[in-house]
Amino acid sequence: MSVHSKQLLLQVLLVALLIAKSKTQAISRPNCSSNCGDVTIPFPFGISDTCSLDASFVLTCNQTSPSSHSLFLPQTNITVLNISLNGHMQISWPVASDCYADGGKLVRQSFQDLNLTTFQVSSNRNRLTVVGCDTLGLMVGSDLEGKNYTTGCISLCNRLQDIETNGTCSGTGCCETSIPRGLSSFSYGSGSLFKHTHVIDFNPCGYVFLVEDGAYNFSSTDLFKFDKTTFPVAVDWVVKNQTCEDGKKEAFSYACKAENSECFHSVEASGYLCSCSNGFVGNPYLLHGCEDVNECMGSNDCVDGAKCSNSPGGYNCLCPKGFEGDGKNYGTRCTYKSTINSRKEIILIIALSVSVGLVALLVGSFYVYWASKKRKIIKLKEHFFHQNGGLFLQQHIIKHKGSIETAKVFTIEELEEATDNFDEGKILGQGGQGTVYKGVLLDNRTVAIKKSKISDPNQIEQFINEVIVLSQINHKNVVKLLGCCLETEVPMLVYEFIPNGT
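Just so we're aligned: the sequence shown equals residues -24 to -1, 1 to 478 in mature numbering (1 follows the signal peptide of the UniProt record, and there is no 0).
You can take every hint at face value.
Simulated restraints, written as ranges between beta carbons of each label pair:
1. GLY307 to ASN11: 35 to 45 Å
2. LEU294 to ASN38: 47 to 57 Å
3. GLY79 to THR40: 38 to 48 Å
4. ALA31 to PHE170: 43 to 53 Å
Distance condition first, Cα-Cα at most 30 Å in a straight line; then the derived DSS-like pairs of lysine-lysine:
5. LYS414 to LYS350
6. LYS414 to LYS357
7. LYS456 to LYS414
8. LYS352 to LYS426
9. LYS304 to LYS320
10. LYS384 to LYS349
11. LYS384 to LYS414
12. LYS402 to LYS357
13. LYS355 to LYS414
14. LYS427 to LYS402
15. LYS357 to LYS426
16. LYS427 to LYS384
17. LYS313 to LYS297
18. LYS402 to LYS426
19. LYS427 to LYS355
20. LYS171 to LYS81
21. LYS357 to LYS384
22. LYS204 to LYS81
23. LYS452 to LYS414
24. LYS414 to LYS426
It is worth saying that the hints were derived from the structure and are not from the lab. Glycine included, every Cβ here is placed at the ideal spot set by N, Cα and C.
Let's have the full structure, built from the sequences with the hints guiding it.
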């Protein structure tokens, strides 16, 4: 074997050991044995006080031969065959019998006594069975509260040929009966009505035993050659002899320790058990005993093409892109998702389209209104400009450009900005012919703006000539006229500002 092969084998062995260790910790307490021979020992059971929940769950593991071990209930010879966390246990228990010789002489008889101090024999999963052609089987027992019960059946037949069917106990050669619920201790044995004198040639013995359902199939050969000495018996156990509600009130002693664990009442016995919640597996009696099941690693309900996604306690099936549904065979599966696949989507699209259309209509209407109003204002200003002699003044300015100083034609926007829209706080004075405002032009010149009240359209040309003449006068005792605004119904004049002046 090569070095590489040895290293690979070592890694595989280490992984196997880790897995085995993980499995051991999942069913028993740390540093506690999880099996005795072939029998697994899950907590709350253990083979010592520190490995079990309490003394009632302590088991004994004895070496019965050089190569095998057997598990026993404490201080008994009751062999434990199997323990499951769902409240079931399987034990082995002997057969009771009575045998006769010719003439009806009793040669052997045995009775069996079973005492389960804290557990109960399952009434649903066991049958008291009697085998023989002259045999009466009886069981006498009591429950945990001390109530006594008796049950039994009788099996008769005259000839071996009377046994028509193997495998069933119908009363001929074999009979069976149910047992009372809640039995914790009992005795059973067999007897004979005629000491087998009529059937001694093929059935010298009678047998009585308690057996788990399905563990025994009657055969006519058992009447003369019965070679079985023990049978498996189903036993029920509970972790606490109280209700879940009472158990939860005592947090320290409450047995369901694991997260994602649940408490439930036992159907067979009196008390409660614990189980891992759906989607989790393990031992609910250990603190970290319940682990999430990765359903995606094994069989699941996802349809072909859907991607399995594990989640705590469950899983999801994700449909491919362009498909919708839960992706499960027994659900809505995966169906093709159209662009518009529902009435709601159609209504939503229509509503959205109408909303966008209304917004566009409102914006468009506002723009048309604003543009129309702006055009009206421009036309009105042009009208006033012409009415107030604007063209005449422009011609004069062009004609004398550069030769003499002429008046400036201001726009209404310039004067509105200079006076903060003719704010009342800017008023310098008021008279019969108008109001004078203080303003600051864009070039930071402070000016006085006169807003007249009355305008005579017949004197426009004279007004313009006066503006031209006054704008050219530059004398220290005369306020200089800087210009005018002709875009309003009544022309406005702009003078230089004289502090403390008139």
